[in-house]
Structures are given as C-alpha cells and as structure tokens.
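J.: Chains as they are written, first to last, in numbering that gives the first Met the number 0: chain X, 0 to 399; chain G, 0 to 349.
No lab work stands behind these hints, which were simulated from the structure alone.
A virtual CB, placed ideally from N, CA and C, is assigned to each residue, including glycine.
Be aware that a few hints might be false.
[Said to hold, decoys possible] Quick list of simulated restraints, FRET-style, between CB atoms: (1) X/T180 with G/A98: 51 to 57 Å; (2) X/A376 with G/A160: 31 to 37 Å; (3) X/S114 with G/R93: 41 to 47 Å; (4) G/R243 with X/P183: 39 to 45 Å; (5) X/A376 with G/E132: 29 to 35 Å; (6) G/E298 with X/A313: 46 to 52 Å; (7) G/E298 with X/P183: 42 to 48 Å; (8) X/S114 with G/D253: 54 to 60 Å.
[Stated by the list, open to error] Just a sample of chain X residues kept apart from chain G, beta carbon distances all over 12 Å, derived: (9) A66; (10) G94; (11) A113; (12) A188; (13) A326; (14) R340; (15) A392.
[As the list claims (entries may be wrong)] Partial list, derived from the structure: chain G residues whose beta carbon lies under 10 Å from chain X: (16) T78; (17) D81; (18) R82; (19) G110; (20) P114; (21) D192; (22) V272; (23) R281; (24) G327.
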Amino acid sequence: MIQAVADLNPLRRELLSVGDARLRRVVRVVDALPERGAADALIAPLRPRLARLRPPRALSLTRLLFAPVESLIVPAAVWSPKSPAIPRPLLRVLGQDVRTALAAEADALQARVASATMADTALLAECGATLWPRAAELLRSRPAPADWSATTGLPDAAHPAIVRPLCVLLAEGSMLYRIATVPPAAAMADAEQLLRIAAADGAPALAMMLTLLLRRLPRAQRLIQLAEGAAAARGSDAGVVATQRALDYLLGDITAALPTDAALPHAEEGIRRAARLLEHLQAAANAAQRSARVAQVRAAREQLAEHCRDQFTAGAERLTAAPPNAAAEPEEVATLEDTARALRRLDVVGRRLSEAAPYERTLRATAARLLTNQRLAVTDRLRLAEILVGPEAALAMLPD
Amino acid sequence: MELDAAAPTLAVPRSIQGWQPLAFRDRGVVVPFTTPALTGARLRAAERGGFELVLPEVAGPGSVGILAWERVGTLCSLTLFDRRLGARLTALTRLTPAAVRHAVCAEAAEGLAGPEAQEAALAAREAAAAEIEQARADLLVEWRAGADGAAPPQAVLSALADLAVLLGPVGVGAAAATARLPRALALVAALPDQMPERLRAGQGAGAAEVAAIVGAAGQVSTAATAALAAARALAKDAAPLLRRWTAAPGETADAIGRAEWLLDGWPWLCRLVAGADGRISRTALLAELAALMPPLPREAGGSMPAPPRPELAPSVRDLLRGADWRSGVTPQDLIARNERLLAGALLPAG
C-alpha cells in the first residue's frame, strides 16, 4: 500500500498545480468510485482547497431532513441550552432515528436522492415535502435514542427540550425551505403564518423560528413585531422571551453561522445578509430607544466588519494565488472573474461596515498583481483589473 | 480616490417626453453596450454630423435623452469594451443594424466583453459568412436561369456578392427558416411563451407592462414576417433585382434590410426576459423591459401601444443601477449580465 501511494506522488504533485475547474472534475470522478482507497490518498493534500471550492454536497437523507433548518445548525462547542440553535452532533443521531423509524420509506427516499446534490433544489423540495412532516410526527413521539448521550454529550432530559421545537419547524419544512425564494410580500405572509404556528408551541419554538426567519428575510423589525404579536394574541409573553433569545443569540456572535472557509460568492452572501439584519436591528433599537440593544448591535457590527475584512483579504489573496506552472484554463479564468465580482460585492458591504481605505488599497494591489500575471492572457488580465478597480484605473495601472 | 463610479454623474442630456420617432434612423440602432448606464442605448447619426446616443428613461419614465457621443464620458465611465466598440462605431459611414452588428462581432471577438461573447462572436461571424455564401450561390443560380446558363460578367458577380451580404441574414431558398433573421423572428414570436412564470403571473401591478410587452412583440413579429417575405420576393428573380440595385442601391438595401430594423434590439430583449436575474425584482425587471422596448417609428406604419410608465421608487432605480448594496447586485454584476446578453444576441436562437 505504501508503495502504491508513493507511486502516486508524481500524479499528486501534478494535481497540486491544476486549476479549480479541473480539480472539481477530479473530485467528481473520485466521488463516483466504488472503492476510493488510493484515490482518497491522492486527494488528501487537496482537502483545504476543496473546502474552499465547496463542490456541491451530496444529498443524503440526513441532509435532506435538516435542509429547512440548516442555518440553525451550530458546532456543539458554541451551543447552549437557551440558544435557539441545533447542535451539529444531533444531526447524525436524529437522522438515524428517523431512518430506523421510517424503514422502507426511508430507503425509498434515499434511493431517490442517491446521486443528487444539495444544489438539486427541486428534488430536495419534492422529497422534503414527504419527509419533513413525517419526520416531525415521528420524532415528536419517540424517546431519546439509545446512543443519544454518547453521541451528543447531552443528557436524555435535553432531548425533548431540543427536539420538540425542532419538530415544530420540520413540520413546516416546505414553507420554510421555499421562503427565501418567493416574492417579498408572499414571504412575509408565510412568515406571519409560521410565527403563529411556532407561538402556539411556546417560546423555544418561536425563538428558533424567529432566528431562522431573521437570517433569511430582510424585514427584521416587522418579523419581531409579528413574533411578539402572535404570542400576545395567545395571552403569552413568549414573544418577548423568544425575541430576547433570538436577538441575544444572533447578536452574541453575528458571524457564528457564516462560513469561514467557503468560496467567496457564498461567504459574501452571508455577510451581506448579516449586515442587512444589523441595519434593521439598529433601526429597531434606535426607534425603541433601547440603549443596551444599540450597544449590542454596535458590537456585533464591529465583529462583522472584522470578519468581512478577513474574508475580503483572503478572497483577494486567492485571486492572485493560482497555481504557478500552467497557463490558465478558460474555466479557471471564469472562476477568477466570479471571485473578482464577489470581491466587489463584499467591498460594497465592507465599506458600509467600516472605513473604505483598506478595501481600496487591497483592490488596487490585487489588480496590480493580476496585471503582471504571465499565466493569464492580456485580455483576461485587463478584464480582471477592470472588475476590481474600474476601467480608468485598470488602464492607468497597465504596465508598459 | 473613487475607483469607479457606481452612480454616474449625469451630463443632463437633452430630454424629450413622449417621443415617437418618425423613421428608423431617428430611432437609432440598438447597441449592446456593456456599461450599465448605457443599457438599451441606441446610436444614431446626428443632424449636425457625428453620432448621438438615444438613451431611454434618462429623465424619468417615458422620456428619452439625446446625448452627443463625444460627451458620453460625462455621463458614465465606459467599460473597456465599450470604449473600443465606440471607436469602431463612430468610424462607420452608414449606421444600420447590420453594420452595428458587424462592429460588435468584430470587437467582441477580441475578448474584452468576456469569453462567452468572444465565442459567440466567432461563431456568429462564421455563420454569417456561410449565410452570405449560400445567398450568393442561390442568386447566381437564379441569374443563370434567367440568362440561359451564360457566364456572368464581373460586374454582375460583384453586384450579386453585394446583394448576398444583404440577403444572407434574410435567408433565401433553403435558408428561409434557418438564417439569422428568421431565427431572431422566431425568438421574438415565442417571447410570450418564454416569459418566466414570475413575470407573467398575476394581475394588478405589472400586468399592464406584461400585456404591453407581449403586444409589442406580436406587432413586431407580424411586421417582420411581412418584411422578410417582401425581401425574399425581391430575390426570386435575380435580373430585376440587379437592375433595381444598379439604379437605386440605397433604396434596395433599405427594402431588404427592413426586417432587420424591425427586429433590432428584440433578440437582446428576449435574452433579458429569459435570463432574468432572480435577485432583480419583478417590478424592477418589468420597468426595465418596458423602458428598453425600441419604439416603432411612424414609418413602420403603426404605433406600438406604449406600456404604462409608473414613476419608479428610488429603491427600484438603485437596483437597476447596481447601487443598492442590499440586493447584492453591483455595477460589475450588471456589466457581466450585459456581456451575457450581448453573447446571446449575437446568436439569436442559441
């Protein structure tokens, strides 16, 4: 085996210098192998780069199950009992529990999604429409699985406290999954209905629902009003409690749900959503003259600004850190252009969060490096510089 | 220093409300500029010489702005592609949709509008050459049939070659359904069916815009169908066509090129409809489509129903300029979109 892996070294070295597009193709081939063995060893050194490239994730039954609540999933280390979130270790144990309970039904669903990825949204929504309400019904009525404590590190008593509100959300999985894709007016009507349903179950479910909706929809102030109103209509103060929990959680670590090692377009979208949320929350806090909340928002804004700068710098470095040995392939150039545009989107958000000068400096330095990159055709260099700094500056920076 | 201008400084072009052009040449030729501020702009010859831009909606709904080409730099910062394209266009002696298309193809083939447009331009040039060659061969057969198989003199060969350039995209003989203009016509005729559900659906806000766009597409399709039939009828008999060409080349070229004027800008618009960016709201997209529909001039013998033009909310205008940071659509994204539209319009039927 050692000999076999050693024999692969020249191939591995070659792989280290291929462009992103070719690397994605290699991974697709390896993923499709019945026995990965040596092929896995071949791509092992490329794992960090693969994480950044974020190839579409295969659609498993567990991923399908948790797709509507994906943005609530957090590492176990940052989860606390009052946080309206789902600790990641629960996924496997609850996924297995559902699989066991559904038996043949689960096998049929697994077969349907066998070769699909998370990017196959139509299939995901279709299969989810079957799975989510069934799973909610089952999980609600089942005790903690035997391996609950061993797998999650949580006591059995924690099972209903987490699973019950989760089931409220899963039961409405279809509406939740599509809410970010429908027109704003329809989304707010759906949100109102979802918040009413969650309010009927109590503060934990309402806090989870509100957290999820605040991350997905832009009208934070209205969502908070709807959550509090839905609970108040039932004569409950769960709305105030849930809002407090949701905002404490969201503002406590605004970057918690943001990807840190994702491709830039994906990272940019998360940061932009978070910045938009903060802007709405700041307006709400100012209007309500709640100084503690204003300070909390300001702190979260500073945290997000720092995260944004870090992601921006990392994205800019990736643009100029292509493998050195080969002429860029067309697909690689397309990826570079996409990254450059995402960098400009991040630049726009970043300038709203903090001062503009560092962004401008980085863009100019990146454009200057690209303009002298001999791996790229002159036209490609010019286009990339134009995306980053605009046409005048690109022409002015063009080396003689 | 501001690197580039997201919101251009307006040079206050001369604006006209409720304008309807008399002739196609007044309307101008749609140029697929990639600069967002010039989206849907048309270029025409100015009365005092030189060229000027006809800019839809520059001074509010239902208006057009007229701006001398040499002042375009005061309106916005042109993309590198548009700078080079502008240089080609202003060197033209006769401004027609075909001439503009030729210039766009030549510039896009250089690569500054991106690889997709480059590939489309190269393929479009190849397809155009084949269409012209086919038309030339067809015309020659027609001429020989009328001359009892005699060999054509050089002057005839030269005139037939000129006519083939005009008739190639029209599609004569076997190419009547496959040449560029019939394919563009099919695209426009299919526009109502190709419209994404999110644009078509619903009554109320936007329904009148959708009806106006669908109505205009139908009107253009009908007129272009007749114009293509008329051009093909001219090509049926080579000898009278040659005589007409020799006596009045400009008028003959206008008659053959009428379908191209009618369809001008529509394949681009069809691409905009079909490839609508999900981040751009229905309201914004319908407003943009209504603004960009080339008006039918009076010489075309009809008047296009003007779509209703509500005053756009500032947030919608910001979105269309790439100036709303919340949307995630920046001017660079709009340039990329315009490059994709350009590529699509060069190959109207994909």
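J.: Under the constraints set out in the numbered hints, which ones does this structure not fulfil?
T.: 1, 3, 4, 6, 14, 15, 21, 22
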